[in-house]
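Position one of the sequence shown corresponds to residue 280 (this note's numbering), numbered consecutively onward.
Simulated from the structure, these hints should not be mistaken for lab results. Note that the Cβ used here is the ideal one computed from N, Cα and C, for glycine as well. Hints should not be assumed to be uniformly reliable.
[To be verified] Below, in silico cross-link-like pairs of lysine-lysine (DSS-like), each with a Cα-Cα straight-line distance of 27 Å or less:
no.: 1; residue 1: K290; residue 2: K351
no.: 2; residue 1: K351; residue 2: K367
no.: 3; residue 1: K290; residue 2: K367
[Stated by the list, open to error] Derived DEER-like restraints, expressed as beta-carbon distance ranges:
no.: 4; residue 1: R387; residue 2: L317; range: 18 to 26 Å
no.: 5; residue 1: N325; residue 2: E386; range: 21 to 29 Å
no.: 6; residue 1: R288; residue 2: T379; range: 31 to 39 Å
no.: 7; residue 1: T353; residue 2: S333; range: 28 to 36 Å
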Amino acid sequence: MTKGIDFSRLKFNSDGLIPVIAQNADTGDVLMLAWMNLEALEQSVNLGEAVYFSRSRNELWHKGSTSGNVQKITEFGIDCDADALLIKVIPAGPACHNGTDSCFDTERVSV
């Protein structure tokens, strides 16, 4: 149990990963969808900053370690099935590698 959340009940997929939604703690905007393995989750808790698992590079990825656009975590949440995480963050810059605040800033269609 860490900071009031029992992470032991999390259900990682067959690759040992869990999807993580990063949300701006101040605005409520969804910033990105990423993945964590247990090591990334532990480092995120210990650092207080988002550490993800890059599926394309097959390695841990401390968000902002090279760009400076770190994401300071203010809150962790587990969904009702314990198979997804929500982290509320204070971003130090753009979340997307394209330079936009959100990875969802490009194409949107009203229905």
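Right, here's what the structure says about each hint:
Annotation: proposed proximity of K290 to K351 holds, straight-line Cα distance about 24 Å (limit 27 Å). For the suggested pair K351 and K367, the alpha carbons sit about 8 Å apart, so the restraint of at most 27 Å is met. Our distance criterion of 27 Å between C-alpha atoms is met by K290 and K367, whose separation comes to about 20 Å. Between R387 and L317, the C-beta spacing of about 34 Å breaks the proposed range 18 to 26 Å.
About 36 Å separates the C-beta atoms of N325 and E386, a value inconsistent with the hinted range of 21 to 29 Å. The beta-carbon spacing between R288 and T379, approximately 34 Å, falls within the hinted interval of 31 to 39 Å. In this structure, T353 and S333 break the distance hint of 28 to 36 Å, their C-beta atoms being roughly 23 Å apart.
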